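Novice: Quick one: dock chain against chain with the hints and give me the complex.
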Amino acid sequence: MAKPKVATTHMTGCFGCHMSVLDIDERILDLIELVDFDKSPIDDIKKFTGPVDIGLIEGGCSTQENVEVLRSFRKHCKILIAMGECALTGGIPHLRNTVSLKECMEEAYLNGPSVVDGVIPNDPDIPLLLDKVYPVHEVVKIDYFLPGCPPRADAIWAALTALLSGKEPELPYELIKYD
Amino acid sequence: MNEGKKIVINPVTRIEGHAKVTIRMDDKGKVDKARMHIVEFRGFERFVRGRLYWEAPVIVQRLCGICPVSHLLCAAKAMDVIVGADKLTPTAEKMRRLLHFGQTYQSHSLHFFHLSAPDLLLGFDADPAIRNVIGLIHANKDLAVQAVMMRKYGQEVIKATAGKKIHGNGAVPGGVNKNLSIEERDALLKDIDQMIEWAQGGVDLYKKAYRDDYDRLSKLGSFESNFVSLVREDGALELYDGKLRAKDPDGKPIFDMVEPKDYLTYIREGVRNWSYMKFPFIYSLGQEKGWYRVGPLARVNNCDFIDSPLAEKERQEFMEMGGGRPVHATMAYHWARLIETLHSAEKMKELLNDPDLQGEDLVVTGKRRNEGIAILEAPRGTLFHHYQVGDDDRVTMANLIVSTTSNNQPMNESVRVVAEQYLEGNEITEPLLNHVEVAIRAYDPCLSCATHAIGLMPLDVTLEDASGEVIDRKVRD
Numbered sequence: 001m002a003k004p005k006v007a008t009t010h011m012t013g014c015f016g017c018h019m020s021v022l023d024i025d026e027r028i029l030d031l032i033e034l035v036d037f038d039k040s041p042i043d044d045i046k047k048f049t050g051p052v053d054i055g056l057i058e059g060g061c062s063t064q065e066n067v068e069v070l071r072s073f074r075k076h077c078k079i080l081i082a083m084g085e086c087a088l089t090g091g092i093p094h095l096r097n098t099v100s101l102k103e104c105m106e107e108a109y110l111n112g113p114s115v116v117d118g119v120i121p122n123d124p125d126i127p128l129l130l131d132k133v134y135p136v137h138e139v140v141k142i143d144y145f146l147p148g149c150p151p152r153a154d155a156i157w158a159a160l161t162a163l164l165s166g167k168e169p170e171l172p173y174e175l176i177k178y179d
Numbered sequence: 001m002n003e004g005k006k007i008v009i010n011p012v013t014r015i016e017g018h019a020k021v022t023i024r025m026d027d028k029g030k031v032d033k034a035r036m037h038i039v040e041f042r043g044f045e046r047f048v049r050g051r052l053y054w055e056a057p058v059i060v061q062r063l064c065g066i067c068p069v070s071h072l073l074c075a076a077k078a079m080d081v082i083v084g085a086d087k088l089t090p091t092a093e094k095m096r097r098l099l100h101f102g103q104t105y106q107s108h109s110l111h112f113f114h115l116s117a118p119d120l121l122l123g124f125d126a127d128p129a130i131r132n133v134i135g136l137i138h139a140n141k142d143l144a145v146q147a148v149m150m151r152k153y154g155q156e157v158i159k160a161t162a163g164k165k166i167h168g169n170g171a172v173p174g175g176v177n178k179n180l181s182i183e184e185r186d187a188l189l190k191d192i193d194q195m196i197e198w199a200q201g202g203v204d205l206y207k208k209a210y211r212d213d214y215d216r217l218s219k220l221g222s223f224e225s226n227f228v229s230l231v232r233e234d235g236a237l238e239l240y241d242g243k244l245r246a247k248d249p250d251g252k253p254i255f256d257m258v259e260p261k262d263y264l265t266y267i268r269e270g271v272r273n274w275s276y277m278k279f280p281f282i283y284s285l286g287q288e289k290g291w292y293r294v295g296p297l298a299r300v301n302n303c304d305f306i307d308s309p310l311a312e313k314e315r316q317e318f319m320e321m322g323g324g325r326p327v328h329a330t331m332a333y334h335w336a337r338l339i340e341t342l343h344s345a346e347k348m349k350e351l352l353n354d355p356d357l358q359g360e361d362l363v364v365t366g367k368r369r370n371e372g373i374a375i376l377e378a379p380r381g382t383l384f385h386h387y388q389v390g391d392d393d394r395v396t397m398a399n400l401i402v403s404t405t406s407n408n409q410p411m412n413e414s415v416r417v418v419a420e421q422y423l424e425g426n427e428i429t430e431p432l433l434n435h436v437e438v439a440i441r442a443y444d445p446c447l448s449c450a451t452h453a454i455g456l457m458p459l460d461v462t463l464e465d466a467s468g469e470v471i472d473r474k475v476r477d
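So the sequences go chain by chain: A and B. Each residue of the first sequence is one higher than the one before, counting from 1 in our numbering. Each residue of the second sequence is one higher than the one before, counting from 1 in our numbering.
No lab work stands behind these hints: they were computed from the structure. It cannot be assumed that every hint is accurate.
The list that follows gives simulated cross-link-like pairs (lysine-lysine, BS3-like), each with its CA atoms no further than 27 Å apart [claimed, not checked]:
(1) B/159 with B/349
(2) A/177 with B/152
(3) A/5 with B/141
(4) B/190 with B/164
(5) A/3 with A/75
(6) A/177 with B/164
(7) B/289 with B/261
(8) B/164 with B/152
(9) B/243 with B/261
(10) A/141 with A/75
(11) A/177 with B/178
(12) B/141 with B/152
(13) A/5 with A/75
(14) B/313 with B/243
(15) A/5 with B/152
(16) B/30 with B/219
(17) A/141 with A/177
(18) B/159 with A/177
(19) B/289 with B/28
(20) B/349 with B/313
(21) B/141 with A/3
Okay, the calculated bits of chain A under chain B, using three or more residues with CB under 8 Å as the criterion [what the hints assert, rightly or not]:
(22) 11 to 24
(23) 29 to 38
(24) 95 to 105
(25) 108 to 121
Just the calculated beta-carbon pair ranges, DEER-fashion [as the list claims (entries may be wrong)]:
(26) B/368 with A/122: 36 to 42 Å
(27) A/143 with B/193: 43 to 49 Å
(28) A/144 with B/28: 53 to 59 Å
(29) A/33 with B/353: 38 to 44 Å
(30) A/144 with B/316: 32 to 38 Å
The structure presented is a predicted model; accordingly, all values stated were derived computationally and were not measured. The beta-carbon is built from N, C-alpha and C at its ideal position, and this holds for glycine as well.
In isolation and in its complexed conformation, chain B is listed as follows (with noise of 0.2 Å):
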């Protein structure tokens, strides 16, 4: 018989269903394309119509806990041009900067410390229900420990900065609402040190991880794509602000330094009747040919350099491995994220010793406008908001693309990698759910992510005839 088969590997559970993932195989037997479907969808750019201006940073973090930091930044930034604030205080913007860095570093931390880690300590095919920060802690409790401490580090930053570790309401619209104080500095600076430290030690720890398994991680759910970040105006790594650059798959510029109100005129979304998630693309390429990848990969490949000294040096070699090209691999997301975090490590001391920090000039305004557009480097990736505002104070129009959105594509065509490289025949084998869960994990989808942090990553997994025949079931406790 002739016919199409699907398989449907749902990473988060089915009942729960924030992700779900479908492989479709050509007739003959062949993996044709791989879809991540998502299934939540919350409405964010409807109901904060109508709210105050100066609500929505407050409002929109909530799209994510694990990083509320960026959309309340890139919220901020885009209300500071509604309300005139072109130039910032400098006591604001190494606020804002400082509370960035914090975020970046917790985040990037989680995501390896607490999740990758123990693929690469406990093996990718250990037991589901060990490999966790769990597992981590049993296996090797110094490692969990400094995982603990690192993340802890940047939420305290965040504290200082915003006010609050989760959902914190430091950044307004034209500045900030605290400055740093001699005693909160002095307790962040104390500790400074070891978190440069032990990030320089992720580094270490994942480039020999990489290169003792180099055959299996290069080409796992790889391919090769076009880049989208921000880069400063000369060129360097930056995660606040700066403009637009995009690259093929060669290195080669599609757009650059690119000024984030004309983000419209080169990125636009298309979308699927099968997922509540977007797929952004680069407009002049077209839906087929534009879509791209963005985060630590996309930022370490696109920028020129990096202007703190020990992430440079990493940078550079980092660089090496692609011979005079961006790299593509999938897993070298992790390489890149660790050097991101040693440069926040180095940024923030750099930071803590700026006295503008306890500055008391903290907000500006200018001459009120209609619309504001922002974009900011989440740790996942590009994040763009974009706002109308009316005279009476009110969103009229809100626009969100989400750092993970922009990963969408890539996500469904390192699932179908893995599936060509992992499939056998009709079988859903063990190695497959382990691949296919290490691959999503090397962008870090949200939900899946966070998951994972406390529990494990559960799969179920079923094949279907193209009639929606269950021919074969495997669901991992």
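Bound conformation, chain A alone (with noise of 0.2 Å):
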């Protein structure tokens, strides 16, 4: 029987919720016997060759790109978590709302004092931010919420293996509480 496949990935976020996915250590040994890792989890929406059964997101939606991320691994992903802060709520990247785009634009790019010649970032090559940043529910269904920054490395490693086997994750205070 084959076994079941993950995908990961990452949005607006600082890759901690992936670090600490690695905080399980010695488990990953177990983990890799239990799943499949996607060959290439974040990886163009045509390359998603199949059904994937279960879908980490790291980090808000705060580009027009995002959005295409979370579209796409809702169409392949059997189970949908938002895992970490920033998916959640948008996280510490979602204070920019506080502002317009253009005032960290030009915070960053114009009136920083190390600044030479500045110039705001408009190649078509890069792309588009979105006014705002959003969290993930908010444009596509999620099925469950890990939370933390980073969510603990054990809470994690309980809600897959309980998915894995079927069953419902019921995680104790202390797995998800915050610091």
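Specialist: And the structure:
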């Protein structure tokens, strides 16, 4: 029997949730016995060749491309998990929602004290940014929410192993409480 | 027909789009320049404005989940200046150093063993689907387990010093919020000799691989550059604090012993409309000539010695390659990185045996100021944090020059050199893709690094003519 497939992606976040996945340490040896990581979990939409059992989303949604990633993950994953603060609420990056995008760009590329000959990047080779940073469930339906900044490795492990054995994850308070 | 062409390499994927490379050719079909577009923007410098200054270390570490400790510590150091803590207590200073060595150890181990060892052991041209840590587990389980345990050790040090493995908060303005208990100390001391031994094994492994494949590795994506890093006042390798030193390609000083607070006199940043990542340069040399490399290669080249015996021995052997000049080979980054891994393990042992870590005097304050500047050597290179704080305790200005930003132009140069070496006509070949990937990974732009840690680095290369029409495209699964 083929092993279940897991796909993961990173959008507007810091990669800390993916690092927390690695913090399962030795259990990564067990994990690769249990599942196949999708060969290119974050590849072009055309490369999703078949259905994936579990998709893990790290990061909020802040660009046109993030929207496409979310839609392709929803389309191909049976179960979609929002992993970590940024995916759940927009996280720290969504602090930019309190000011305009224009002001953020001007601060970084025109007004910073070390900037020389500033210009706002606008080449067609770089993606357009959305006006605000959105939680992922405002863009697609999400099946499970895994809180934390990042979620603890033990929480990720408990949720994954429960879902892989067809059970509803039941995480005790100690696993899902924040700092 | 006589028209320029461009090749677009999208290393992290098209739809996700964190990084993307364009290679531009001139009308003779020769490689002209390479551009690595960084396509992410988050705006920390603006939105941290208005926040209370003691929140800054906790907020800005969310820039990077791979080395959050670097931002936590750099912001805390800047806030030390704000609260007038000109000299921390021995406990605070040493707890922070232990935290930073733990961070360097885990980050360097991840970078080398999880990311680069698969290239070396399975071959650059091995199927990318197995050229990752999972492939490593199948190919060499002992080494893979060692990699996992080394990273775990560094993360445990971080947890013991900062409270939590990722996004801890141990460093606060003026000091730290915990010391190291005897239990924590003993748990870490138990395995430290093993960590030193494994780190030494890593240096030996890479040294051999480098020498065995010297012709290719010494040239891959290589070029000569300036180097910038911190050094200690006596010239020693220094990761946590120190003065700025810049050397030219011959190893002659451009500037030396520069106080962090004076950074704006020496370092500025250019901006290009095609990347969200800025282009730092040495101000006196101008944008064209002033770019420089940072990170392990720069630090080992720049320092006069390393103050731990095993790493110093390795440094001397490493510098022999340069024959009196700095070592410029891009793939020597990994070698230097492993020397620093060894150094971190040696220093952790020294610190763990220091009773000051059990001290209870954790925080100091002094005369409040309105401006704080700090520089730190993050695993990937020199990190600058600069804040202004109002009398109401709110941040009014933040300027961050992040490590990988300083390596922006160098990464472009490496891709350009690799393209010159491996581009054949208008064909996008596997060797080209593989070598671009390996060269970028020597510097480790954080995003592709982490992507590769659990999956692989998919490549999407498009060859376009000057009008943007696609001539050839190759997507690797």
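Novice: Hint by hint, note whether the structure agrees.
Specialist: How the hints compare with the structure:
Pair hint residue 159 of chain B plus residue 349 of chain B holds up; C-alpha atoms about 17 Å apart against a cutoff of 27 Å. At roughly 22 Å between alpha-carbon atoms, residue 177 of chain A and residue 152 of chain B fall within 27 Å of each other, so this suggested pair holds. Restraint check for residue 5 of chain A and residue 141 of chain B: satisfied, since their Cα atoms lie roughly 22 Å apart, inside the 27 Å limit. Only pairs whose Cα atoms come within 27 Å are accepted, and residue 190 of chain B paired with residue 164 of chain B is accepted, the gap being roughly 20 Å.
At most 27 Å may separate the alpha-carbon atoms for a hinted pair to count; residue 3 of chain A and residue 75 of chain A meet this at roughly 20 Å. For the hint linking residue 177 of chain A to residue 164 of chain B, the alpha-carbon distance of about 13 Å falls within 27 Å, and the restraint holds. A hinted pair counts as satisfied when its Cα atoms are at most 27 Å apart, and residue 289 of chain B with residue 261 of chain B qualifies at roughly 24 Å. A threshold of 27 Å between alpha carbons decides the hint, and for residue 164 of chain B with residue 152 of chain B the separation of about 13 Å falls inside it, so the pair holds.
For the hint pairing residue 243 of chain B with residue 261 of chain B, the CA-to-CA distance comes to about 10 Å; that is within 27 Å, so the pair holds. In summary, the hint linking residue 141 of chain A to residue 75 of chain A is supported, as the alpha carbons are separated by about 10 Å, within the 27 Å threshold. In summary, the hint linking residue 177 of chain A to residue 178 of chain B is supported, as the alpha carbons are separated by about 21 Å, within the 27 Å threshold. Restraint check for residue 141 of chain B and residue 152 of chain B: the C-alpha separation of about 16 Å stays at or below 27 Å, so the hint holds.
A hinted pair counts as satisfied when its Cα atoms are at most 27 Å apart, and residue 5 of chain A with residue 75 of chain A qualifies at roughly 14 Å. Restraint check for residue 313 of chain B and residue 243 of chain B: the C-alpha separation of about 24 Å stays at or below 27 Å, so the hint holds. Between residue 5 of chain A and residue 152 of chain B the CA atoms are separated by roughly 26 Å; this keeps the pair inside 27 Å, and the hint holds. For the suggested pair residue 30 of chain B and residue 219 of chain B, the alpha carbons sit about 19 Å apart, so the restraint of at most 27 Å is met.
Distance restraint check for residue 141 of chain A and residue 177 of chain A: the Cα-Cα separation of roughly 24 Å lies within the 27 Å cut-off, and the hinted pair is therefore satisfied. Restraint check for residue 159 of chain B and residue 177 of chain A: satisfied, since their Cα atoms lie roughly 16 Å apart, inside the 27 Å limit. For the given pair, residue 289 of chain B sits about 26 Å from residue 28 of chain B by alpha-carbon distance, which is consistent with the 27 Å threshold. For the hint linking residue 349 of chain B to residue 313 of chain B, the alpha-carbon distance of about 18 Å falls within 27 Å, and the restraint holds.
Using a Cα cut-off of 27 Å, the hinted pair residue 141 of chain B and residue 3 of chain A holds, with the two alpha carbons roughly 21 Å apart. Counting residues of the segment 11 to 24 of chain A whose beta carbon lies closer than 8 Å to any beta carbon of chain B gives 13, which meets the minimum of three for the stated coverage. Given a C-beta distance limit of less than 8 Å, the hint that chain B covers the segment 29 to 38 of chain A holds, as 4 residues qualify and 3 suffice. Only when three residues or more bring their CB closer than 8 Å to a CB of chain B does the claim for the segment 95 to 105 of chain A stand; here the count is 8, and the claim holds.
Figure legend: the segment 108 to 121 of chain A, annotated as covered by chain B; annotation consistent (12 residues with Cβ-Cβ distances under 8 Å, at least 3 required). At roughly 41 Å, the beta carbons of residue 368 of chain B and residue 122 of chain A sit within the given window of 36 to 42 Å. Here the CB-CB span from residue 143 of chain A to residue 193 of chain B is close to 46 Å, well matched to the stated 43 to 49 Å. Evaluation of the 53 to 59 Å hint for residue 144 of chain A and residue 28 of chain B yields a pass: the beta carbon distance comes to about 56 Å.
Distance hint check: the CB atoms of residue 33 of chain A and residue 353 of chain B are about 40 Å apart, consistent with the given range 38 to 44 Å. Checked against the hint of 32 to 38 Å, the pair residue 144 of chain A and residue 316 of chain B fails, with Cβ atoms roughly 54 Å apart.
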